[in-house]
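Residue numbers (the numbering used here), protein chains in the order written: chain A, 1 to 163; chain B, 164 to 732.
Do not take every clue at face value.
To be verified - Some but not every residue of chain A turned toward chain B, in silico, with C-beta under 8 Å: (1) Glu10; (2) Gly14; (3) Ser17; (4) Arg18; (5) Gly21; (6) Asn29; (7) Ile56; (8) Gln59; (9) Lys66; (10) Ile68; (11) Asp69; (12) Val71; (13) Ala133; (14) Lys162; (15) Val163.
As the list claims (entries may be wrong) - List time: in silico BS3-like cross-link candidates among lysine-lysine, alpha-carbon distance up to 27 Å: (16) B:Lys350 x A:Lys66; (17) B:Lys388 x B:Lys357; (18) A:Lys66 x B:Lys229; (19) A:Lys72 x B:Lys522; (20) A:Lys162 x B:Lys350; (21) B:Lys623 x B:Lys521; (22) A:Lys62 x B:Lys306; (23) B:Lys367 x B:Lys357; (24) B:Lys521 x B:Lys357; (25) B:Lys473 x A:Lys62; (26) B:Lys681 x B:Lys705; (27) B:Lys473 x B:Lys357; (28) B:Lys460 x A:Lys62; (29) B:Lys521 x B:Lys568; (30) A:Lys66 x B:Lys338; (31) B:Lys305 x A:Lys62; (32) A:Lys62 x B:Lys623; (33) B:Lys306 x A:Lys162; (34) A:Lys62 x B:Lys350; (35) B:Lys568 x B:Lys388; (36) B:Lys295 x B:Lys331.
Hints listed in this document are in silico derivations from the structure and should not be mistaken for laboratory results.
C-beta atoms are modelled at their ideal positions from N, C-alpha and C, and glycine is treated no differently.
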Amino acid sequence: MRHVISLLIENEAGALSRVSGLFSARAYNIESLTVAPTEDPSLSRMTIVSIGSEDIIEQITKQLNKLIDVVKVVDLSEAGHIERELMLIKVRATGKDREELKRMSDIFRGRIIDATDSTYVIELTGASGKLDAFFDAIDRALILETVRTGICGIGRGDRILKV
Amino acid sequence: MLLTGAEIVIRCLQEEKVEHVFGYPGGSVLYIYDELFKQDKVRHVLVRHEQAAVHAADGYARSTDKVGVALVTSGPGVTNAVTGIATAYMDSIPMVVLSGQVPTAAIGMDAFQEVDTVGITRPCVKHNFLVKNVEDLAATIKKAFYLARSGRPGPVLVDIPKDVSAQKCEFHYPKAISMRSYNPVVKGHTGQIKKAVNLMLEAKRPMVYVGGGVVLGDAADRLTKMVKMLGYPCTNTLMGLGAYPATDKQFVGMLGMHGTYEANMATHNCDVLIAVGARFDDRVIGDPNDFCSVPRKIIHIDIDPASISKRVRVDVPIVGNVGDVLDEMIRQLETTAERPDAQALSDWWQQIEEWRGKKCMEYDRNSAIIKPQFVIEKLWEVTGGDAFVTSDVGQHQMWAAQYYKFDKPRRWLNSGGLGTMGFGLPSAMGVQLAHPGAPVACVTGEGSVQMCIQELSTCKQFRLPLKVVLLNNSYLGMVRQWQELFHGNRFSESYMDALPDFAKLAEAYGHVGMTIEKPGDVEGALKEAFERKNDLVFMNFKIDPTENVYPMVQGGKGLTSMILSSEDL
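Please take these sequences and the hints and turn them into a complete structure.
Below you can see the structure in the form of structure tokens.
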């Protein structure tokens with residue numbers, strides 16, 4: 001099962017390596033991991049996507065909680081939540097492809113944020129599935145480069161992760 | 164008044180009432196050593212290798228309820244210490260390791276004796292810190308001691324760059340520490356405890372399984388009280404030996420890979436298993452699938468939520484300090500009118516006595532060659548069962564665990580989790596320094612003892628009258644045993660040729676050496692050794708090289724598939 005684990009961690013040097021080290025030492029799987037400081041600069045928020053059985057996920061959350069710098073851990077996928085990922089995709093845009101790529105980008109609510117006479121950089125956000133779908137919607141041969149952030153997630157409604 | 168970082172380190176140690184620091188100087192810790200020199204409250208014990216410094220601090224901690232402290236330099240000082248730190252981590256031993264680091268400006272420059280200490284030690288410490296500003300030093304050391312001893316204990320490392328130990332600031336040692344990210348649970352959940360007590364009282368075939376957490380949590384007295392109130396059988400793990408008195412009739416021996424027949428059978432066949440401060444280690448339960456194939460209920464008391472349902476699903480988990488939980492259990496048992504089912508319990512004991520009747524711990528007492536079990540039995544007799552016993556890792560460790568009947572906690576010290584050869588001698592030094600005048604024996608093998616044998620020199624310098632009980636079979640015995648049983652008698656690299664004359668070696672270090680070759684001389688040698696109160700006596704017992712440790716559960720098999728003797732093969 002795929003799980004989205006969100007946590008608050010003291011924004012100290014080495015915090016990321018404590019988390020990533022835990023995953024590799026215990027052979028847990030990481031699909032993606034994103035981290036950045038919160039509105040309180042002393043805290044970082046991390047979103048980790050992992051795949052594992054219920055037992056493994058339970059161990060992951062317990063082991064994360066055990067890290068001294070970790071303040072709070074929640075498994076977002078236990079209830080309603082929203083996931084978003086950002087992708088930048090550079091495509092070859094010449095001739096009739098220029099029009100088609102612009103159209104597709106609009107359909108996916110993307111934005112062209114850089115254009116040269118032969119390339120576009122398109123910015124796309126959404127759930128990971130939507131970003132995957134974009135690849136299928138355009139001619140893959142046109143893709144020059146892609147970069148994705150990995151997802152960040154937040155609980156719906158009253159589900160709040162705060163100190 | 165402004166103090167240097169080095170002065171602050173020493174002041175912090177004094178504030179923590181640290182009496183002994185085990186260490187080894189070097190470039191990055193020179194300022195700290197200079198301050199050590201100028202005071203006499205904290206005594207420094209100079210070892211001969213940093214691994215030994217950490218093991219000695221570990222032994223000091225295990226035999227007391229204090230935090231052990233080690234001090235090492237950067238680079239190789241730290242890498243040498245890593246084995247000791249990992250040993251302490253696996254066994255949850257409270258310890259603070261102070262390490263020197265190259266100056267902050269040189270970090271990352273591949274400087275002389277630079278190593279990424281925080282990175283290297285991260286997976287084997289409870290927590291670690293790199294102190295970049297002298298203003299943070301005192302609070303960081305305070306945190307280190309707090310973290311080391313609270314919750315599930317463990318080693319905490321503080322890495323101090325050389326310039327930080329030279330810079331000055333005001334010294335202020337915080338009285339208390341609070342961390343929003345760290346709040347270990349103390350009191351167990353009362354509702355869960357009630358559930359557990361009810362389940363315990365309903366049991367027809369109860370079994371109490373006790374681990375090192377009871378020793379570390381200083382809860383042996385309460386555990387013993389509760390087990391006696393209930394009249395239930397009790398087994399200790401390798402780490403739990405001494406938590407419940409071994410000479411008591413309710414004790415069925417150690418369980419696990421080299422546990423007794425009765426302990427393993429009772430653990431497997433019970434209907435309610437009460438696990439106290441134990442973690443269902445692979446060496447304890449064998450194959451987890453086989454272990455879980457029996458429909459029993461499990462109560463699990465542990466301070467670490469991550470230990471609950473890690474290897475085995477449990478029915479009634481209780482997270483909390485084992486002593487507090489046991490207090491509450493005893494209180495509830497005293498107030499309830501419910502009592503265990505006497506008839507069922509008596510039937511259960513009858514079954515256990517039948518298993519005991521197998522006499523799985525018998526060995527050849529008429530042998531013309533010294534049997535290792537005999538040496539340990541005599542050691543127990545000669546010391547009145549009241550010595551501190553450290554061991555290394557291998558056959559001798561198992562024989563010591565099986566045949567020395569520990570009645571008190573903190574008397575038995577071994578590297579149960581990591582299985583570190585070389586632990587025995589240096590940890591015994593820590594014990595002896597913590598308990599001057601107490602009998603301290605290091606039971607070891609000729610393989611293990613050579614991994615830290617240089618510490619005989621430290622023992623001389625600090626006049627530590629240890630008694631080394633070397634069970635010398637000229638083999639890496641446990642390796643040889645596995646090769647004999649599972650690798651077609653091909654003794655690949657397990658025979659040690661060219662062993663030193665250990666008695667002469669001990670003498671060369673300024674100690675007393677003995678070589679004992681006949682069973683009739685065992686008791687006399689041990690008596691003489693323990694009578695020499697001021698001497699380290701190194702006893703080289705030439706034991707039967709073919710002796711194996713039984714009973715034995717083969718790795719990966721269930722607890723009940725035991726080999727009881729070579730006749731079972």
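How the hints compare with the structure:
1. Glu10: Holds, because the Cβ-Cβ distance from glutamate 10 of chain A to chain B comes to roughly 6 Å (cut-off 8 Å).
2. Gly14: holds (6 Å)
3. Ser17: At 7 Å from the nearest chain B Cβ, serine 17 of chain A passes the 8 Å test, so the hint holds.
4. Arg18: holds (6 Å)
5. Gly21: holds (6 Å)
6. Asn29: violated (18 Å)
7. Ile56: violated (11 Å)
8. Gln59: Interface hint status for glutamine 59 of chain A: holds (6 Å vs cutoff 8 Å).
9. Lys66: Cβ of lysine 66 of chain A sits 5 Å from chain B, so the hint holds.
10. Ile68: Nearest chain B Cβ about 4 Å off; hint holds.
11. Asp69: Interface hint status for aspartate 69 of chain A: holds (6 Å vs cutoff 8 Å).
12. Val71: Valine 71 of chain A check passes; min Cβ-Cβ to chain B is 4 Å, inside 8 Å.
13. Ala133: violated (39 Å)
14. Lys162: With a closest approach of 12 Å, the lysine 162 of chain A hint is violated.
15. Val163: Holds, about 6 Å.
16. B:Lys350 x A:Lys66: holds (18 Å)
17. B:Lys388 x B:Lys357: holds (18 Å)
18. A:Lys66 x B:Lys229: Satisfied, since the Cα-Cα distance of roughly 23 Å is no more than 27 Å.
19. A:Lys72 x B:Lys522: This hinted pair is violated, its Cα atoms lying about 52 Å apart.
20. A:Lys162 x B:Lys350: Measuring from Cα to Cα gives roughly 25 Å; hence the hint holds.
21. B:Lys623 x B:Lys521: Status violated; Cα separation ~46 Å.
22. A:Lys62 x B:Lys306: holds (22 Å)
23. B:Lys367 x B:Lys357: holds (18 Å)
24. B:Lys521 x B:Lys357: Status violated; Cα separation ~37 Å.
25. B:Lys473 x A:Lys62: This hinted pair holds, its Cα atoms lying about 10 Å apart.
26. B:Lys681 x B:Lys705: holds (8 Å)
27. B:Lys473 x B:Lys357: holds (23 Å)
28. B:Lys460 x A:Lys62: holds (23 Å)
29. B:Lys521 x B:Lys568: holds (19 Å)
30. A:Lys66 x B:Lys338: holds (25 Å)
31. B:Lys305 x A:Lys62: holds (26 Å)
32. A:Lys62 x B:Lys623: Roughly 46 Å separates the two Cα atoms, so the pair is violated.
33. B:Lys306 x A:Lys162: The given pair, whose Cα atoms are some 24 Å apart, holds under the 27 Å limit.
34. A:Lys62 x B:Lys350: holds (19 Å)
35. B:Lys568 x B:Lys388: At roughly 19 Å apart (the allowed maximum being 27 Å), lysine 388 of chain B and lysine 568 of chain B satisfy the hint.
36. B:Lys295 x B:Lys331: With a Cα-Cα distance of about 13 Å, the restraint between lysine 295 of chain B and lysine 331 of chain B holds, given a limit of 27 Å.
Checked against the numbered hints above, the structure breaks hints 6, 7, 13, 14, 19, 21, 24 and 32 and satisfies the rest.
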